[in-house]
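Protein chains: 2
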Amino acid sequence: MAKDFPSRADNYAQWYNDLVIKADLAENSAVRGCMVIKPYGYAIWEKIQSVLDRKFKDTGHSNAYFPIFIPKSFFSREASHVEGFAKECAVVTHYRLKNSPDNTGVIVDEEARLEEELIVRPTSETIIWDTYKNWIQSYRDLPILINQWANVVRWEMRTRLFLRTAEFLWQEGHTAHATREEAITESETMLNVYADFAENWMAIPVIKGTKSPAERFAGAIETYAIEALMQDGKALQAGTSHFLGQNFAKAFDVKFLNQDNKLDYVWATSWGVSTRLMGALIMSHSDDAGLVLPPKLAPIQVVIVPVFKNQEQLSVISNVVKPLKKSLEDKGISVKYDDRETHKPGWKFTEYEFKGVPIRVIIGPRDVEQGTVEIARRDTMEKEVLQLRDLENKVIHLLDQIQKNLFDRALSFRESNTYRVDSWQEFKQVLETTGGFISAHWDGTPETEEKIKEETKATIRVIPLNNPREEGTCVYSGKPSSQRVLFARAY
Amino acid sequence: MAKDFPSRADNYAQWYNDLVIKADLAENSAVRGCMVIKPYGYAIWEKIQSVLDRKFKDTGHSNAYFPIFIPKSFFSREASHVEGFAKECAVVTHYRLKNSPDNTGVIVDEEARLEEELIVRPTSETIIWDTYKNWIQSYRDLPILINQWANVVRWEMRTRLFLRTAEFLWQEGHTAHATREEAITESETMLNVYADFAENWMAIPVIKGTKSPAERFAGAIETYAIEALMQDGKALQAGTSHFLGQNFAKAFDVKFLNQDNKLDYVWATSWGVSTRLMGALIMSHSDDAGLVLPPKLAPIQVVIVPVFKNQEQLSVISNVVKPLKKSLEDKGISVKYDDRETHKPGWKFTEYEFKGVPIRVIIGPRDVEQGTVEIARRDTMEKEVLQLRDLENKVIHLLDQIQKNLFDRALSFRESNTYRVDSWQEFKQVLETTGGFISAHWDGTPETEEKIKEETKATIRVIPLNNPREEGTCVYSGKPSSQRVLFARAY
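Sequences listed follow chains A and B, in order. Using the numbering used here, you'd call the opening residue of the first sequence number 1 and step up by one each time. Using the numbering used here, you'd call the opening residue of the second sequence number 1 and step up by one each time.
Keep in mind that a hint or two might mislead.
Which copy is meant is left open, so a pair is good if it fits within one copy or across any two.
[Stated by the list, open to error] Subject to a maximum C-alpha distance of 30 angstroms in a straight line, what follows is the list of computed DSBU-like cross-link-like pairs (lysine-lysine):
hint	residue 1	residue 2
1	K57	K322
2	K326	K47
3	K383	K309
4	K479	K208
5	K87	K457
6	K57	K47
7	K262	K22
8	K331	K55
9	K394	K57
10	K55	K326
Derived from the structure by calculation, the hints contain no laboratory data.
Just chain A, same shape as in the assembly (with noise of 0.2 angstroms):
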């Protein structure tokens, strides 16, 4: 598998796209733009899933569903949303199709125009906002605590699995509240949640901060985000939070009855992830021979392979594998024992390594009388033989190790290839070189960050929070500048 299988420093944007097929995670379908999540890819989903949910429970939220449709209308309703959201979208314009003339296939039946075009859902703001109109009048209802797991669709021109598809999965967490100070405290809530994640359980260090003006989501009023580095120096949005001060409840005329019984509008926030993450997942940890996956994520923690040239050898073994399989999954440990007789075990190494399989045990008879196994680990590709007895400690402890070893290992990329660069030479220089976060002072105007992104494809990525101030030159304009904020291009 690996033979015709690119290496990153070979062409890393077909070794991406040819581990995503290869691992079968997902493939293009026969709709431009929409992927197919094969059943490999969907079972790391299902872990982002559940431990996100976990998280947005614990945090207060609950789940609730909204229509996919959205009516053409909605989106004027809120000026800037519509610039950002309305244009590039699928759009239904009928509700019946009929048999051609001819009686060969189908075509749409005329008569069955909708009234009003309906739009499939690129985001919820404007639905979910017309339907929290009826849910809201004083502040006893007051907070709502929202969110959605769904499918959307943003219509797009060039499209890559998981990191930019038409239709993806995703969450959108909306919710509703008295107070500026309690949206704000929620978008930061959120925020936090999403870092703990990505740097728990994905492994991969991120930099939170607030968007510039001109990054920022379609509505808000502040856009916080999270902000990682893949290994081909590209920065990779991994998850947003914004504040909507009040923009919705105005669009939608979402007024409540405070505590001093005066009506005002209600504060909102939003905040979601979406398949996305896959990409950054994959692009963050796998290297030359294929997937690597933090073992938090991966749907098979262990890969037992036995080693066997008969059926008599093939008993001898698994009757060594069951109980130990047995007792490693009831540590809650995922164990798979592949015990096929159709691939040789050397096919299988290939395959689980290609895979991402964190750990992989080889056992065969003449380990079974010595009392020993091979354990060999995806992260480093090193191996050890150990005794048999010794296993089960050892995997508990190899599955952290792995784990942390991935953050650490992504932590260490990042801090080498994050730049303070103070001129434009440089700045430049380091773009057509090794990529990277740049630090670099701002003059804080959009028209220098434009003419930037136009030179360079580098836009500002975030502004850290808690950002020192520091007196400084704009690296573009030369002009003064208050504090460095973060470049990079960005996938």
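Since the structure of chain A is already known, use the hints to place chain B on it.
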């Protein structure tokens, strides 16, 4: 709340609709036919999903995800499928909006017309079999056992919350097999999974059977179904499992090399349940005081309501309740302690009764002194005062008892509303009075089936599995018949 709430006898349809809305389960949205599933309703759906998902995985299935859009031409590939599904559906024709010339809103950009229209999936056989084509070469690639949790859209003219909505949530299993026998076994296995879930989790007795040709899924060779009887004497189809033969493999040209090294078409099944189950759940058990939920699917199984006059009393009560709550939760029981001061105890009693919480516990200052507590069960409304120290055992026992009682009650209702009918006059009379299941002879022709439907709105719900052979004459045509089938009016 119960004041303006109609009884089942008064107006069953209104009772159902008001119940769904007032129990905070779901509501209609701004988009015709699409519902909003509210947090309390969605929490029940999450429980349904979680149990079924476990059952699917235990029977060897994995989840995956396929595109929401299906190219229009795919529907024409399977002749009967297009008749059944392609007609009433949401059609995406454009992929962009633009500002209107007068700048007051957005309009469809006619330049962004799709070359081929896309259909929002009403079911996914076509897109999935188009995908399977690339996954299957030999018998070694089989079986494929995949399930998808997704939203689907069928353009319904008359909609009712949960029972019939334009968009609904469901799961659809799609499996591929090397032999006819294996595919039939799979359809039957999944029918049994559904029946087990309906009876042992939803507490709804169901009849398993096959559909008559007229009621089959569009494209199936055989449709298996489970049918339940609602309290108004109408039947509700609670799940279907289809043996699709080689129809979709032929339509999408999916062949495989079998063990004899010969090319053959792949055998298929599909099976699904939807948010319609919520309607079945509500209608099976609920009463004139509101929702009644089986404990195994209740988001809140026990609510504890303190009765207090002041903070001091509340704090004394809370000291007793908090360890009790924790101890119940440690046993996997979901407990809500509603110590809000903004609502009176009486209001809370009605509220939780209306929301179908299986067990209510009331505790006041005198209870604390005397070491007693009052417990009430929702299904029978019986109350009992017991020693506080006995409460935990009582709750555990009572949850089982309520679960069993709801099933027994529904079963007994169904039994007393199933009629063995031998004359056309009696057939019509049953439908005009009590409703219910009618077991009657049918001559086996679609013509008779159609005429019965025209004259009475009753349809053949199922031909029960293992139906005894019995010579007789058709209740409608008087022609010879070899078995009784089950008729009813249905949702």
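Checked hints:
1. Taking the shortest alpha-carbon separations for K57 and K322, only the inter-copy value of 20 angstroms comes in at or below 30 angstroms, while the best intra-copy value is 37 angstroms.
2. Within a single copy, K326 and K47 get their C-alpha atoms as close as 21 angstroms, and across copies as close as 27 angstroms, so both meet the 30 angstroms cut-off.
3. Proximity of K383 and K309 under a CA criterion of 30 angstroms is satisfied intra-copy only: 23 angstroms inside one chain copy versus 69 angstroms between copies.
4. For the homomeric pair K479 and K208, the shortest alpha-carbon distance inside one copy (26 angstroms) is at most 30 angstroms, but the shortest distance between copies (77 angstroms) is not.
5. In the homo-oligomer, the alpha carbons of K87 and K457 lie at most 30 angstroms apart inside one protomer (23 angstroms), although the nearest pairing across protomers, at 47 angstroms, exceeds that limit.
6. Both within a single protomer and between protomers do K57 and K47 lie at most 30 angstroms apart by alpha-carbon distance, with minima of 16 angstroms and 14 angstroms respectively.
7. Taking the shortest alpha-carbon separations for K262 and K22, only the inter-copy value of 27 angstroms comes in at or below 30 angstroms, while the best intra-copy value is 60 angstroms.
8. In this assembly of identical chains, K331 and K55 lie within 30 angstroms of each other by CA distance both inside one copy and across copies; the values are 22 angstroms within and 21 angstroms between.
9. For the homomeric pair K394 and K57, the shortest alpha-carbon distance between copies (29 angstroms) is at most 30 angstroms, but the shortest distance inside one copy (34 angstroms) is not.
10. Within a single copy, K55 and K326 get their C-alpha atoms as close as 29 angstroms, and across copies as close as 20 angstroms, so both meet the 30 angstroms cut-off.
Hint compliance for this structure: no hint is broken.
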